[in-house]
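Asks: Sequence:
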Amino acid sequence: MRHIAIAATLLAVTASAAQAHTGHPLDSVGSGALHPFTGLDHLLAMLGVGIWAAHIGATSDRRATWLVPASFVVVMALGAIAGISGATLPLAEAGIIGSVVLLGLLIAATPRLPLWAPMAVVALFAFCHGFAHGAEMPASSSALAYGVGFVVATIALHLAGIAIGLAARHLAGTWGLRLLGSAMALGGLALAAA
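1 is the number of the first residue of the sequence shown in our numbering; add one for each residue after it.
There could be a bad hint or two in this list.
Each pair of labels, with its calculated beta carbon distance range [to be verified]:
id	residue 1	residue 2	range
1	Thr174	Arg63	19 to 25 Å
2	Ala156	Ala190	20 to 26 Å
3	Ala160	Gly30	17 to 23 Å
4	Thr88	Ala172	42 to 48 Å
Worth flagging that the hints you see were computed from the coordinates, not collected in a lab.
Glycine included, every Cβ here is placed at the ideal spot set by N, Cα and C.
Assemble the whole structure, with the sequences as input and the hints as a guide.
Replies: Here is the structure:
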């Protein structure tokens, strides 16, 4: 028992010393990676992009499964550059909340659209999400490392959304997607009302 106490004390002391200095590149990556998870609006939208892409990919154009999320990520990065540069986007928060509501409605309605349409819709909202990510970057962060963090986190959330969308289709068919989409749209309305 005494050896465990000594080892735990040494670990605590060395971990504190290692984290006592700021400016580590991983601080910026970690901060960026956490950002999409810290707001329910970002989290729901990222999952929604994946769910919608999975549905489109399963019903009309398989390429949508990766092209729709890819268009989101690319335009989100452009929005982040605008946010980091100090530009203003007065309706960014409205665009973020609107993305949750609209993605929910699109998932629930399951419309058949040409591939360019969902890519354009998610790109529009992606700029708002990216702008918020960039504008909220901590001053001590490296822009590149912070960007890598939130891009990787966004891709992970899109992949999780794709898995959820495919599972919902498999387990409950179109009704499963409609239920998910309706819940997402209601969640977005609740966020707008808060």
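Asks: Please go over all the hints and tell whether each is borne out by the structure.
Replies: Against the structure, the hints:
1. Thr174 x Arg63: 19 to 25 Å: Holds - the Cβ-Cβ distance for Thr174 and Arg63, about 21 Å, lies within 19 to 25 Å.
2. Ala156 x Ala190: 20 to 26 Å: Distance hint for Ala156, Ala190 holds at roughly 25 Å.
3. Ala160 x Gly30: 17 to 23 Å: This hint holds: roughly 19 Å between Cβ atoms.
4. Thr88 x Ala172: 42 to 48 Å: holds, 43 Å
Hint check: no violations occur; every hint is consistent with the structure.
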